[in-house]
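**Q** Throw the hints in and build the complete structure from the sequences for me.
2 protein chains.
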Amino acid sequence: MNGLLTDLYELTMAAGYFETGRSAQWATFELSIRRLPRNRDYVLLAGLEQALEYLLNLRFTGPEIDYLRTLPQFSLVSAAFFEHLRDFRFTGDVFAAPEGTMLFAGEPVMTVRAPLMEAQIPETYLLSTLTFQTLIATKAARMVRQAAGRDVVEFGTRRAHTPQAGVLGARAAYIGGCSATSNTQTGFRFGIPVVGTAGHSWVMSYLTEQEAFQKLQQVLGVNTVQLVDTYDSIEGTRRVASLGPPLWGIRLDSGDLVALSRQARAILDSAGLHATKIMASGDLDETKIGDLIASGAPIDSFGVGTELATSGDAPSMGAIYKLVEVEGRYTAKHSENKASLPGPKQLFRFPDRDVVALASEPVPPGATAVLEPVILKGALAAASPDLPSIRRAAAKSLRTVGPRPVDYSDALKTLMTQV
Amino acid sequence: MNGLLTDLYELTMAAGYFETGRSAQWATFELSIRRLPRNRDYVLLAGLEQALEYLLNLRFTGPEIDYLRTLPQFSLVSAAFFEHLRDFRFTGDVFAAPEGTMLFAGEPVMTVRAPLMEAQIPETYLLSTLTFQTLIATKAARMVRQAAGRDVVEFGTRRAHTPQAGVLGARAAYIGGCSATSNTQTGFRFGIPVVGTAGHSWVMSYLTEQEAFQKLQQVLGVNTVQLVDTYDSIEGTRRVASLGPPLWGIRLDSGDLVALSRQARAILDSAGLHATKIMASGDLDETKIGDLIASGAPIDSFGVGTELATSGDAPSMGAIYKLVEVEGRYTAKHSENKASLPGPKQLFRFPDRDVVALASEPVPPGATAVLEPVILKGALAAASPDLPSIRRAAAKSLRTVGPRPVDYSDALKTLMTQV
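Top to bottom, those sequences are chains A and B.
Numbering of the first sequence is given in the working numbering, commencing with residue 491 and proceeding in unit increments.
Numbering of the second sequence is given in the working numbering, commencing with residue 491 and proceeding in unit increments.
Hint data in this document are derived by calculation from the structure and do not stem from the laboratory.
There is no bait here: all hints are sound.
Below, in silico cross-link-like pairs of lysine-lysine (DSBU-like), each with a Cα-Cα straight-line distance of 35 Å or less:
#1 K767(A) x K828(B)
#2 K903(A) x K705(B)
#3 K903(B) x K705(A)
#4 K767(B) x K886(B)
#5 K705(A) x K867(B)
#6 K778(B) x K767(B)
#7 K867(A) x K705(B)
#8 K778(A) x K828(B)
#9 K778(A) x K705(A)
#10 K767(A) x K778(A)
#11 K705(B) x K828(A)
#12 K778(B) x K778(A)
#13 K828(B) x K886(B)
#14 K886(A) x K767(A)
#15 K828(A) x K767(B)
#16 K828(B) x K867(B)
These numbers come from a predicted model, not from an experiment.
**A** As structure tokens, this is what we get:
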């Protein structure tokens, strides 16, 4: 189960460790942030729950093993390796920063300590699942900040990189501060508030916009959000105003959102619909949201899709997963501009700075240790926190952890010169 | 099964159609390309097989339906709707361009003709699965073109937006012309060639690079690719040269790839290793590949990751899914800069131009009709082609379909003025 959901080289290395009698040597790998994504001065960690689920359930099925046997890369590998894969499970320890933690360039995110083969195979999956959700949570946080207290709702599944990415992206967006998602499966699986009413096809399916609006109110009552721009946003808003309650509000999805929201607000107010809200959507990002807020546009809620679901201006981040220790020997990589630091590490967070230290160092006064045990001897160290708790932790982290220098401890510096 | 993997508004609209007695009215939705992705003058369609699998298997489970009942948006909806969901399946017809087809802005990709409710619900999933794979196939095609006959291998799962996106992205990259992938599950599921040997951790896990290289050859034989940049690329290459065969080649993953590949080639040649190949990797995109080729760097194969797996410079595309007809009445949307065209359509491809026409028009002499029946009455119209066939069709499309004007037929223009 998911055993093959990794780069082939993880499996050829696993075979190599096994064939040369080293697969049971204990090693530590570290997942860390080499570079922040473009346009970012921090990231907000998300995706840990899925990373842990993967480690706890990592198995190889019979057909998967049979497939590996057919590959030329395994032609010299002994039958004993494939037998070993049948019983494979992750038995190691994992330390990680909690979801919702703000992190900076150069900082460790997770350490995986296990027999060499068990720690090697998860590299690909862990990098993908942690960096993707981290990108989306971070993008959401930037949008929520610009919205200055107005709701930001995640609408982006149709632009996500597979529908499955839509589900987990919506989870991450909620951690980043979005108040709800349009993704129904995310609501079902994670208990996140879901929203949605009707699209243009609803309006077009009726002979008149008037009838479409009436029928929607009949079905959705106070949850009705009328999408007013199918033909003309102002005409549509007038129709909404003349129909009156029940409804939650209207949605503007095209055109000049500043001008349209002002006109719509005036139309609604003059009909006495002061409580009727205005949602805006349509290719919004944090810059456009900030501009709308700065302009004083009377928008109560923002629906964001494409830019959030793909982290459009920064769709990747430079996280790495490197061997830092094997059988007590510290290791590092010296590649040009791509060096890695030796030894299992801890991140000490002070109010005004972070210190990357060796895991063996005591926590200094005034600091907290960011990496916590999450899996011990192959079992969960503690139940994963629920999403509202993670979302609150993220909000606190965003509020209290400012930009900061990231230093190395003296012990780490000494080790770096030695290795 | 996957019933909730959609935006909530598709389901509230479905409830609305049902409650107002319209869910069984036949309608046609069209998925089309409103705007090409940034930096693109065409796209290469991919993802159709997964889209069809979804439609054929779309169901709602008991727990999914129970969840919907708890949502405030469904509080006014009758029990009959939820009963109806239990038996829901897609019974309509689908016409689509084959995977591997080059397409341009304004062109239809797929039409879905079904009872209103059945055609509405799939919007979100279809958009996501088709646009994602299309983005990756297109990005791959751009890289392969720049590689001018050298192999391009897909390495990007660790940067994909979820590990699942890595699997389908690798499928799309193969359609776009990549020769292989590092994603083992993609190889298993789709029969695509997989490659992979060892990463830096393999080298670091040994006391000396010499021993790491020897052991890898022992395990992988002629499939060995030595990653030489863990400590120093030139020293590493000298070690490979002194060890000699068996091996496939070396991989350079950092530094000045032009200078390093020349030095490495000279070292290998002077050791008589003329058949030993050089692979280059490390944040490559089509521009860098083109520059390397133009410089005459002796690189035999390119490994590409981040930029390919995320379509980094263009991580989204403006595809839309719009109602074009209901019960014989043609529909269109007039929103500012976001208008849609009425009526079920066909795409006629001439050697030098494309014409978007009504589906009812006869195929003009000299043209081929691009959209083909793929699902009829809820069942596959024909088996999906295998991936090598799709890849060949893509290569032919890339070779023969140049940039071209996209016109509307006279009948479509007439209809546009009428609606």
